[in-house]
Amino acid sequence: MKKDSKYLGLSIFWGKAKANHFVEIKDRIQSKVSGWKSKVLSQSGRTVLIKSVATSLPQFYMQSLHFPAGWCSKVDKIFKDLWWGHPVHKSRKYTPKAWHAICQPKLAGGLGIRRMKEINGAFLQKLVWLILNNLDLLWVKFLKAKYFPWTFFLLANTKQGASLVWQGVTKVKEDFRTHLCFLPRNGSATSIRQDPWLPHSPSFSPSWLPGCDQTCPHRWVCDLTDMQSGEWDTALLCSIFLEDSVNQILERPPPDRLQLDSLIWTPDPHGKFSFKGAVGLA
Numbered sequence: 001m002k003k004d005s006k007y008l009g010l011s012i013f014w015g016k017a018k019a020n021h022f023v024e025i026k027d028r029i030q031s032k033v034s035g036w037k038s039k040v041l042s043q044s045g046r047t048v049l050i051k052s053v054a055t056s057l058p059q060f061y062m063q064s065l066h067f068p069a070g071w072c073s074k075v076d077k078i079f080k081d082l083w084w085g086h087p088v089h090k091s092r093k094y095t096p097k098a099w100h101a102i103c104q105p106k107l108a109g110g111l112g113i114r115r116m117k118e119i120n121g122a123f124l125q126k127l128v129w130l131i132l133n134n135l136d137l138l139w140v141k142f143l144k145a146k147y148f149p150w151t152f153f154l155l156a157n158t159k160q161g162a163s164l165v166w167q168g169v170t171k172v173k174e175d176f177r178t179h180l181c182f183l184p185r186n187g188s189a190t191s192i193r194q195d196p197w198l199p200h201s202p203s204f205s206p207s208w209l210p211g212c213d214q215t216c217p218h219r220w221v222c223d224l225t226d227m228q229s230g231e232w233d234t235a236l237l238c239s240i241f242l243e244d245s246v247n248q249i250l251e252r253p254p255p256d257r258l259q260l261d262s263l264i265w266t267p268d269p270h271g272k273f274s275f276k277g278a279v280g281l282a
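As numbered in UniProt numbering, residues 1 to 282 make up the sequence shown, in order.
Hints are not guaranteed to be accurate.
With a cut-off of at most 30 Å between alpha-carbon atoms, the simulated DSSO-like pairs for lysine-lysine come out as follows [to be verified]: (1) K77 with K51; (2) K159 with K51; (3) K159 with K144; (4) K272 with K32.
Keep in mind that the hints were calculated from the coordinates and are not lab data.
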């Protein structure tokens, strides 16, 4: 296979000069947009064109690669000039309204146009969600065997010389983690200290009484229940957590040994990740 081989328009071998490939994608978008006669379209027509056609051009590449912020800004500028109807060769262009305001959701007074950085971040967060919830997928098995064979994905580190896919998911992993919460159904795989497991708590974690975080011998959420009754051990909870955290824990059903712990995505009321919801958070 040749070094310049491509699959669906994307180079298979990138090498060290990765910036050249991003420039090639941008030029391809610029060439496509330049062929459209935007001046004969109304403002609403340009909006539909950008939302339905223009922003979809780079999405194939964005589904698995992290694009530099500078690249995203340049492509956003291409779409901005298209929307305002400015000729490509004109350097100074008057825009009475900021582009980021136009790209706001419709409920916030914008037109709902998605910016490249938001789209790229949402796609990569989708990969993170798949890695966390679909360990049986072949590509997830490959990543686990190569990059985090003996640890949990959220605890894995970026490795020098790692694949572009792995670099991409690790760049958004921490941001994604701020919206992630464990649902301890049996509690045997959810850490009391390290894992977020209280959805209605500001940090998704219980607030400890002074010093108890260091002295408490219990490690897992299932250890907070009474061994005989299976209910929450109220006395134990009151001895290590603040009252607000105790009340939040008692509102939840006690661990059930017949079920497995799971993950929920907190921005969604049903706990399921969605690309549409992630775009606004990226």
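Looking back at the numbered hints, which does the structure fail to meet, lowest number first?
As far as the earlier hints go, 2, 4 are violated by this structure, in ascending order.
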